[in-house]
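Peer 1: Based on the sequences and whatever the hints tell you, model everything.
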Amino acid sequence: MLYYNKMLYYNKMNEIDAIFKKNSIEDLEKFIKKRACLNNCNMYLTYLFHLLQAGGMITTAISASYNYKEVLWIGIGLNAASSLISIYEKINQSISDKLLENIKSIKTGDYLDESPQIKTDELNK
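The sequence shown begins at 1 in our numbering and counts up one residue at a time.
By construction, these hints were calculated from the structure, which means they are not laboratory data.
Every residue, glycine too, gets a C-beta built ideally from N, C-alpha and C.
It cannot be assumed that every hint is accurate.
[Unchecked claim] Computed list of lysine-lysine pairs in BS3-like fashion (alpha-carbon distance at most 30 Å, straight line):
#1 K22 x K69
#2 K34 x K21
#3 K69 x K12
#4 K90 x K12
#5 K104 x K34
#6 K12 x K22
#7 K107 x K22
#8 K90 x K34
#9 K33 x K69
#10 K107 x K90
#11 K69 x K30
#12 K33 x K98
#13 K30 x K98
#14 K22 x K98
#15 K22 x K104
#16 K21 x K98
[To be verified] Simulated restraints, written as ranges between beta carbons of each label pair:
#17 C37 x G109: 23 to 33 Å
#18 E26 x I62: 22 to 32 Å
#19 G109 x A64: 52 to 62 Å
#20 Y9 x K90: 45 to 55 Å
#21 K22 x L48: 33 to 43 Å
Peer 2: Set out below in structure tokens:
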């Protein structure tokens, strides 16, 4: 009877380990796909940020020198839009860094499934 109970215990433990390993593998695949998507998106956001920022600066400078008040607001709007894009880029980078930490912790075997995706203290920098 004792031998039978030990066998049941080890079988259950093996099933539990298999479930955790399967979950870790699924999470790893999901994290790698998300990280690739975020990196691709950040590349486009970076280009768009620089394009809007340069356009806003040029528009603001030209409109200020020729005293075009209506065009000045377009330049200010472009600079504001570039600032918003920069914020999205930083949020995406924070999420990507957290996903990288999760990927590393899965590799070392220290992965916890209940970790937050965004570190809010890093966003306030």
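Peer 1: Would you mind marking each hint as holding or not holding in the structure?
Peer 2: Hint-by-hint comparison with the structure:
For a cut-off of 30 Å, the pair hint linking K22 to K69 is broken: about 62 Å separates their Cα positions. Under the criterion of a C-alpha separation no larger than 30 Å, the hint pairing K34 with K21 is consistent with the structure, at around 20 Å. At most 30 Å may separate the alpha-carbon atoms for a hinted pair to count; K69 and K12 exceed this at roughly 74 Å. Straight-line distance between C-alpha atoms of K90 and K12 comes to about 44 Å, which puts the hinted pair past the 30 Å bound.
Note on K104 and K34: the hinted pairing holds, with a Cα-Cα distance of about 15 Å set against a maximum of 30 Å. With a C-alpha separation of about 15 Å, the suggested pair K12 and K22 falls inside the 30 Å cut-off, and the hint holds. Only pairs whose Cα atoms come within 30 Å are accepted, and K107 paired with K22 is accepted, the gap being roughly 14 Å. With a CA separation close to 16 Å, the supplied pair K90 and K34 stays within the 30 Å bound.
The suggested pairing of K33 with K69 is violated, with an alpha-carbon distance near 46 Å, which exceeds 30 Å. Between K107 and K90 the CA atoms are separated by roughly 26 Å; this keeps the pair inside 30 Å, and the hint holds. Only pairs whose Cα atoms come within 30 Å are accepted, and K69 paired with K30 is rejected, the gap being roughly 50 Å. For a cut-off of 30 Å, the pair hint linking K33 to K98 stands: about 14 Å separates their Cα positions.
Of the pairs offered as hints, the one joining K30 and K98 holds, with about 13 Å between alpha carbons and a cut-off of 30 Å not exceeded. Between K22 and K98 the alpha-carbon distance is near 21 Å, which keeps this suggested pair within the 30 Å criterion. For the given pair, K22 sits about 17 Å from K104 by alpha-carbon distance, which is consistent with the 30 Å threshold. For the given pair, K21 sits about 20 Å from K98 by alpha-carbon distance, which is consistent with the 30 Å threshold.
Checked against the hint of 23 to 33 Å, the pair C37 and G109 passes, with Cβ atoms roughly 26 Å apart. Checked against the hint of 22 to 32 Å, the C-beta distance between E26 and I62 comes to roughly 54 Å, which is inconsistent with it. At roughly 59 Å, the beta carbons of G109 and A64 sit within the given window of 52 to 62 Å. For the pair Y9 and K90, the beta carbons lie near 49 Å from each other, so the given range of 45 to 55 Å is met.
The hinted window of 33 to 43 Å between K22 and L48 holds, with their beta carbons roughly 39 Å apart.
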